[in-house]
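Visitor: Read off the chains here:
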Amino acid sequence: MSQNMRPPTLKITPEEYKDLSTKLTPKPTVVKNCIWAFFVGGLICAIGQVIINLFVAGGLNPTQASTAATALLIFLGALLTGLGIYDEIGKYAGAGSVVPVTGFANSIVSPALEFKREGYVMGVGARLFTIAGPVLVYGIATSIVVGIIYYFLH
Amino acid sequence: MDLKRVGNQTVAFTSPPVILASYSVVGPMEGRGPLGKTFDKVWQDNINGEKSWELAESKLLQEAMQGAVEQAGIPLSDVDYMLAGDLLNQIISSNFAARKLALPFIGLYGACSTMALGMAVGSMLIDGGFASHVLVGVSSHHDSAERQYRLPTEQGSQRSLSAQWTVTGAGSVLLGQSVTGPRITAATLGRVLDYGETDVGNMGAAMAPAVADTLLNHFQDLQRQPGDYSLIASGDLGMVGADLTKEVMLRSGMSLGSEYTDCGLMIYDKSQDVHAGASGCGCSAVVFAGNIMQRLKAGSLKRVLLVGSGALHSPISSLQGESVPGIGHAVVIEG
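Sequence lines, in order, name chains A and B. For the first sequence, the working numbering assigns the number 1 to the initial residue and increments by one for each residue that follows. For the second sequence, the working numbering assigns the number 1 to the initial residue and increments by one for each residue that follows.
Keep in mind the hints are simulated off the structure, nothing from the lab. Predicted model, so just to flag it, every value in this text is computed and none were measured. Warning: the hint list may mix true and false statements.
[Unchecked claim] Pairs of lysine-lysine residues, derived as DSS-like cross-links and limited to a Cα-Cα distance of at most 30 Å, are as follows:
(1) B:K51 with A:K116
(2) B:K100 with A:K116
(3) B:K246 with B:K297
(4) A:K18 with B:K270
(5) B:K37 with A:K91
(6) B:K246 with A:K23
[What the hints assert, rightly or not] With the Cβ distance kept under 7 Å, some of the chain A side facing chain B (calculated, not the full set):
(7) L10
(8) I12
(9) P14
(10) L24
(11) P26
(12) A78
(13) T81
(14) Y86
(15) G90
(16) P111
[To be verified] Ranges of calculated distance between the beta carbons of each label pair, as one might list FRET restraints:
(17) A:G82 with B:S132: 49 to 59 Å
(18) B:F105 with A:G42: 50 to 60 Å
(19) A:L79 with B:D199: 26 to 36 Å
(20) A:T29 with B:S178: 48 to 58 Å
(21) A:Y120 with B:D228: 53 to 63 Å
For glycine and all other residues, C-beta sits at the position ideal for the given N, C-alpha and C.
Using the sequences provided together with the hints, build the complete structure.
Guide: This is how it looks when you write it as structure tokens:
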């Protein structure tokens, strides 16, 4: 902000304004958000477990069953995104629907839908990982570091 | 030559331009809100058969501007200048609407303050003798704004409680000379103020100081008080910004009373769960072109001060950590 403003000027300094603004801005409803996230996130995981059990009952071994269940949950997340339902769930559930693998599907499918109008190369192709990209970059980078540490410890 | 300037920042028009007609077009969500019946046209869905959100927004603007001209009953060719602006990069909604209307075009950018800015500049063109009819219009679209400024529309994330909802809508006014009708008598163009707000989820807090500064200068320039107005409406400060403006004004020695409101608090009701209120160029434009114009014409409002509020940042500047500069432009409309 310019120091030499022609009067009349506001009788409040940027520091005082910051305090006032913090006072008048509503605080996030942390407890409510946590409860929502806990139950919706838990529900998604419970559904995942039910699917795993069904696959095991159908004859897959546990490793195959959890891989198949993950694929099915990704499909469901993508489907609900396409139907315009997942963002409504996310509005209430927050981290509860972002963290599970369905949230990952949502973060890939939503840019795919949004940027399709810019074409399949510069739209969908280039923008597909706008949200998931950072997660992948730092997730993979972290896994490499952890892998190296594990290698030397064993 | 006589200057029409009063005080530091204000112009007082010697033959005040008249608002010959106004027209508003909104999306379905705005149509369901408390002001639903005051809009001239409500779309059934957000895209209305267009290929993209951007083209839909441009169509909104085009319909609003054509609507104003038709309502005034003059041929389109009588319009000397089209003044328009919006929030999208390179103001493409306005450019594309101007491609259809094929009028001499001045593109404006004042972020969400563009309606008030356009009315001020349009009035200067008319009172200055450069035009007999000026068509002013602005638009915003929830989905085109979301994808440019924030996230893909189907991404399931939580918005902060201070966040505002971009209005899908366009408003337009046709300015000219006439004996009757609401007149634009003065305008105070604002200066850019930045009090250091960096939270793009709290636009109201970023814009409030600029609006307060414009109000303060407006009242000093014209030697008026807030009580001299039957309505003082800021553009889209929302709940947080409106409270901040009142408090900052109070500390600067001027109290805003019950005549003060914010257009961002009028469009949606609580059940629509938009958090801190409405925003976007379309916000003040559709409230003014609908509700406020109707009350001016009915005589229930005598003198209105519309203060458009704009946040002059871009997604890039915010990612680079820059704070959000704000601006406020005020126009006086008398019934």
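Visitor: Now, for every hint given, state plainly whether the structure supports it.
Guide: Now for the hints, and whether the structure bears them out:
{"no.": "1", "hint": "B:K51 with A:K116", "in the structure": "holds, 11 Å"}
{"no.": "2", "hint": "B:K100 with A:K116", "in the structure": "holds, 25 Å"}
{"no.": "3", "hint": "B:K246 with B:K297", "in the structure": "holds, 28 Å"}
{"no.": "4", "hint": "A:K18 with B:K270", "in the structure": "holds, 27 Å"}
{"no.": "5", "hint": "B:K37 with A:K91", "in the structure": "holds, 29 Å"}
{"no.": "6", "hint": "B:K246 with A:K23", "in the structure": "holds, 14 Å"}
{"no.": "7", "hint": "L10", "in the structure": "holds, 5 Å"}
{"no.": "8", "hint": "I12", "in the structure": "holds, 5 Å"}
{"no.": "9", "hint": "P14", "in the structure": "holds, 5 Å"}
{"no.": "10", "hint": "L24", "in the structure": "holds, 5 Å"}
{"no.": "11", "hint": "P26", "in the structure": "holds, 4 Å"}
{"no.": "12", "hint": "A78", "in the structure": "violated, 10 Å"}
{"no.": "13", "hint": "T81", "in the structure": "holds, 5 Å"}
{"no.": "14", "hint": "Y86", "in the structure": "holds, 5 Å"}
{"no.": "15", "hint": "G90", "in the structure": "holds, 2 Å"}
{"no.": "16", "hint": "P111", "in the structure": "holds, 5 Å"}
{"no.": "17", "hint": "A:G82 with B:S132: 49 to 59 Å", "in the structure": "holds, 52 Å"}
{"no.": "18", "hint": "B:F105 with A:G42: 50 to 60 Å", "in the structure": "holds, 56 Å"}
{"no.": "19", "hint": "A:L79 with B:D199: 26 to 36 Å", "in the structure": "holds, 34 Å"}
{"no.": "20", "hint": "A:T29 with B:S178: 48 to 58 Å", "in the structure": "holds, 52 Å"}
{"no.": "21", "hint": "A:Y120 with B:D228: 53 to 63 Å", "in the structure": "holds, 59 Å"}
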